[in-house]
Structures are given as C-alpha cells and as structure tokens.
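Peer 1: Add chain B to chain A, keeping to what the hints say.
Single-letter residue listing:
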Amino acid sequence: MSSQTPDESGLREYFGFEPIGEAETDQKLQELKRRKTFRRLYTVIGLLVGAVFFYISLVSVGFSVAELVRQIPQFADALTRSTSRRRPTTASRLST
Amino acid sequence: MSTLRVENLTKEYGDVTAVDDVSFEIEDEFVVLLGESGAGKSTLLRCINGLTEPTSGSIYLDDQPLADTQSEVGMIFQQHNLVDGLSAYVNALTGSLDRSGFVQSLLQWQRRTDKQRSLDALETVGLLDEAHQRVSQMSGGQQQRVGIARALVQDPALLLADEPVASLDPASAETVMEYLKKAANVHEVTALVSLHQVNIAAHFGDRFIGLRDGQKLFDITRDELTPDCIDELYGNVETVGLADTESAAESPPPELKP
Numbered sequence: 001m002s003s004q005t006p007d008e009s010g011l012r013e014y015f016g017f018e019p020i021g022e023a024e025t026d027q028k029l030q031e032l033k034r035r036k037t038f039r040r041l042y043t044v045i046g047l048l049v050g051a052v053f054f055y056i057s058l059v060s061v062g063f064s065v066a067e068l069v070r071q072i073p074q075f076a077d078a079l080t081r082s083t084s085r086r087r088p089t090t091a092s093r094l095s096t
Numbered sequence: 001m002s003t004l005r006v007e008n009l010t011k012e013y014g015d016v017t018a019v020d021d022v023s024f025e026i027e028d029e030f031v032v033l034l035g036e037s038g039a040g041k042s043t044l045l046r047c048i049n050g051l052t053e054p055t056s057g058s059i060y061l062d063d064q065p066l067a068d069t070q071s072e073v074g075m076i077f078q079q080h081n082l083v084d085g086l087s088a089y090v091n092a093l094t095g096s097l098d099r100s101g102f103v104q105s106l107l108q109w110q111r112r113t114d115k116q117r118s119l120d121a122l123e124t125v126g127l128l129d130e131a132h133q134r135v136s137q138m139s140g141g142q143q144q145r146v147g148i149a150r151a152l153v154q155d156p157a158l159l160l161a162d163e164p165v166a167s168l169d170p171a172s173a174e175t176v177m178e179y180l181k182k183a184a185n186v187h188e189v190t191a192l193v194s195l196h197q198v199n200i201a202a203h204f205g206d207r208f209i210g211l212r213d214g215q216k217l218f219d220i221t222r223d224e225l226t227p228d229c230i231d232e233l234y235g236n237v238e239t240v241g242l243a244d245t246e247s248a249a250e251s252p253p254p255e256l257k258p
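Chains A and B are the protein sequences, given in the same order.
Residue numbering for the first sequence follows our numbering, beginning at 1 and increasing consecutively.
Residue numbering for the second sequence follows our numbering, beginning at 1 and increasing consecutively.
In short, the hints are calculated from the structure, not lab data.
Since the structure is predicted, the reported quantities are computational estimates derived from the model, not experimental observations.
There may be inaccurate statements among the hints.
[To be verified] Pairs of lysine to aspartate or glutamate, DMTMM-like flavour, derived with a Cα cap of 20 angstroms:
hint, chain 1, residue 1, chain 2, residue 2
1, A, Lys36, A, Glu8
2, B, Lys181, B, Glu29
3, A, Lys33, B, Glu123
4, A, Lys36, B, Glu130
5, B, Lys181, B, Asp28
6, B, Lys181, B, Asp169
7, A, Lys33, B, Asp114
8, A, Lys36, B, Asp129
9, A, Lys36, A, Glu13
10, A, Lys33, A, Glu22
11, B, Lys182, A, Glu24
12, A, Lys36, B, Asp114
13, B, Lys182, B, Glu163
14, A, Lys33, B, Glu27
15, A, Lys33, A, Glu18
16, A, Lys33, B, Glu130
17, A, Lys36, B, Asp84
18, B, Lys181, B, Asp84
19, A, Lys36, A, Glu24
20, A, Lys36, A, Asp26
21, A, Lys33, B, Glu72
22, B, Lys181, B, Glu163
23, B, Lys182, B, Asp206
24, A, Lys33, A, Glu67
25, B, Lys182, B, Asp120
26, B, Lys181, B, Glu123
27, B, Lys182, B, Asp84
28, B, Lys182, B, Asp155
29, B, Lys181, B, Asp98
30, B, Lys181, B, Asp206
So that you can see chain A by itself, here it is in the shape it has in the complex:
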C-alpha cells in the first residue's frame, strides 16, 4: 500500500517522477516532464549563481544593491541627456 497522499502523487506526476501509464507515449510524456523539471532546476540554479556573483562583485567594489537602486534616477537622467545630445534636432539641422 502506498504511503503517498493523492496531492503528493499528483505533484510527482507533474514533475515527471511518477509513471503516468504503461503505454510508450505515457512513458515518453513522463520523460518529457522530467526533462522539463531538470531544465527549470538548472535555470533556477544558473540564476542563483549569477545573482551570487553579481552580489560579490558589487561588494568587492564597495557598492550595494540599495545604492544601485538609489542611483537609477541619475542614471536615467544621464542616459536621456546623452541620447538627446547625440540626436540633432530639426532646428539645429536647419541652422547648419
């Protein structure tokens, strides 16, 4: 007799760790679900590792995420001024 509750069984089936049926297509569907679970897991691990490296690099240059957020308006302002300086206006084009 299985000790798993129906919820547990459904979850295991969703993640591809519970057989769906006997047919070849059922087995393939289970394999595809399991592959997807692993792919998602690797993606999450990759994102976490990236976040950790990002945090370490911020700390090493004496910066912080909070500081980075505070600087966003200045960064946006500088970016706007930089792009407006590069694009000549119609009036300036006419004067030249």
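Peer 2: Below, chain B without anything else, positioned relative to chain A:
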C-alpha cells in the same frame, strides 16, 4: 471520414488565370495532384486551405462551405514551417493552438489529451523516441514528419500537402510519403497531395488529378494512370538519362556559356 467538393473553382491574378474552372469531389481517398510547375497545384491547395480567396467557385467540406482558414483542414508545407528552436514534441503540440488559450500555449499548459495526441502523432510518424529533440538538429525528412504530426494534432478532416517531398532525397521522400499515407489511413483523413515525382505519385496515390495551365486535364484512378497520361500532362519531355560510360568518356564535357 470526410468529403471535399470543389465546384467550378477559378483563381485569377490580374490577367493570369492560375486555376480555371476546376471541379472534383474526393471522399476518403489519398488523392495526388499532378502537374508542371505553374500548373496551379499550389494555388488550388491554398484556395482550399483558405490562404487564398478564389475569384469564383465554391469549396465544401462535408457539405459545409469552406471559407477562411479552418482547423478542420491540416496543411503540410514543402519547407516544413517549423519553429527551429523548439523540440519535435512542442512543434507537434502547436497543432492544438486553436483549442488552447494564449497563456496556456505560452506556458505549455495544454490539456493532457492534446499532449497525448501530440505523442500519438509523433509515434504515427515514427518519431516518438526523438520527441525531445530540437527540430533544428533533425534531417529534412524528419522535419517533414514533424510537420505531418503537427497537422494530425490539429485533428483535421482533410489533410493537404503542398509538394511535401520536393526538397528531399529519394529515400527520405519515400519514407515521408509512407508515413503520410499511414497517417491518413490511421487517422482516417481524406488527403490531397501535390507531387512532382510521378513514380512516387503512382506508388502512393489512389487517385490522380492532373492540372495543366490551371485546367483539369484528367481525374483518374491508379489503374488508369498510363505513360500516355503523363506524356499528355508534362509533354513529351525527354529527361536526362545516365550516359553510358564509353560514350561519356569519349565525348567532352559540355561547356557552360558565359
């Protein structure tokens, strides 16, 4: 099982008449459209599929008029038209898009029956083991079989194929045609396939409709398909044969004019 009825179909592009007053009816058959390039085969298929609007005439599927694109009509293209970055399974699953919402499709939350149907279709075309493989890593023949699977997932009443094996080598072409015929038989779908290769057409077709200059030249069964019919359709074209070795060695190679 379904019946396709085409009545006095005409399609004009400006002064050019691509399809000229074509009528026929097919019921639960594997029908092959034959004809030279520009004979109107693709235009006829596109009219039936709703991708092109006919100038005049009517098309009925099971006595219901066919207008615009409909999920009841599955289409297999010469260039496969698959999403390269996705697996064979997900590509086949796109055949169920009309039955699932935008978010469902985006997150692959389709119903279990649709997922099962995708794998069944891939099994029909002999690609169940490769279901997880990206289609960009597959051969042209395998990609076309994924295209067939996608059309089957649509659960169509009519299957159209526009020169499905034109870009394949002879062996792959035969394999794809075998799977296409099997798919039509297993899923009990009426099929209308345009082909250039007469030998393949003769081997797989139950019935043949010949088009020349947009007009229907013949509508015959396999027993009635004779070399004379083919000559009449394509003209007395002498195809280039294999040169015999001695004469090939003696004669200089043909020079290309600049």
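Peer 1: Now, for every hint given, state plainly whether the structure supports it.
Peer 2: Results of checking the hints against the structure:
1. A/Lys36 to A/Glu8: holds, 19 angstroms
2. B/Lys181 to B/Glu29: Between B/Lys181 and B/Glu29 the Cα gap is close to 10 angstroms, so the pair holds against 20 angstroms.
3. A/Lys33 to B/Glu123: holds, 17 angstroms
4. A/Lys36 to B/Glu130: holds, 15 angstroms
5. B/Lys181 to B/Asp28: holds, 12 angstroms
6. B/Lys181 to B/Asp169: Roughly 18 angstroms between the alpha carbons, so the hint for B/Lys181 and B/Asp169 holds.
7. A/Lys33 to B/Asp114: holds, 15 angstroms
8. A/Lys36 to B/Asp129: holds, 16 angstroms
9. A/Lys36 to A/Glu13: holds, 12 angstroms
10. A/Lys33 to A/Glu22: Holds - the C-alpha atoms of A/Glu22 and A/Lys33 are around 16 angstroms apart, at most 20 angstroms.
11. B/Lys182 to A/Glu24: Roughly 19 angstroms between the alpha carbons, so the hint for B/Lys182 and A/Glu24 holds.
12. A/Lys36 to B/Asp114: Holds - the C-alpha atoms of B/Asp114 and A/Lys36 are around 17 angstroms apart, at most 20 angstroms.
13. B/Lys182 to B/Glu163: holds, 17 angstroms
14. A/Lys33 to B/Glu27: At roughly 40 angstroms apart (the allowed maximum being 20 angstroms), B/Glu27 and A/Lys33 break the hint.
15. A/Lys33 to A/Glu18: holds, 10 angstroms
16. A/Lys33 to B/Glu130: holds, 15 angstroms
17. A/Lys36 to B/Asp84: Holds. A/Lys36 to B/Asp84 sits at ~18 angstroms (cutoff 20 angstroms).
18. B/Lys181 to B/Asp84: Status violated; Cα separation ~25 angstroms.
19. A/Lys36 to A/Glu24: holds, 18 angstroms
20. A/Lys36 to A/Asp26: Distance ~15 angstroms between A/Lys36 and A/Asp26 Cα, so the pair holds.
21. A/Lys33 to B/Glu72: violated, 29 angstroms
22. B/Lys181 to B/Glu163: holds, 14 angstroms
23. B/Lys182 to B/Asp206: Status holds; Cα separation ~13 angstroms.
24. A/Lys33 to A/Glu67: violated, 41 angstroms
25. B/Lys182 to B/Asp120: Distance of about 13 angstroms is within 20 angstroms: holds.
26. B/Lys181 to B/Glu123: Roughly 14 angstroms between the alpha carbons, so the hint for B/Lys181 and B/Glu123 holds.
27. B/Lys182 to B/Asp84: Violated, because 25 angstroms separates the two Cα atoms, which is more than 20 angstroms.
28. B/Lys182 to B/Asp155: Holds, because 15 angstroms separates the two Cα atoms, which is no more than 20 angstroms.
29. B/Lys181 to B/Asp98: Distance of about 25 angstroms is beyond 20 angstroms: violated.
30. B/Lys181 to B/Asp206: holds, 10 angstroms
The structure is inconsistent with the numbered hints 14, 18, 21, 24, 27, 29, although it conforms to all the rest.
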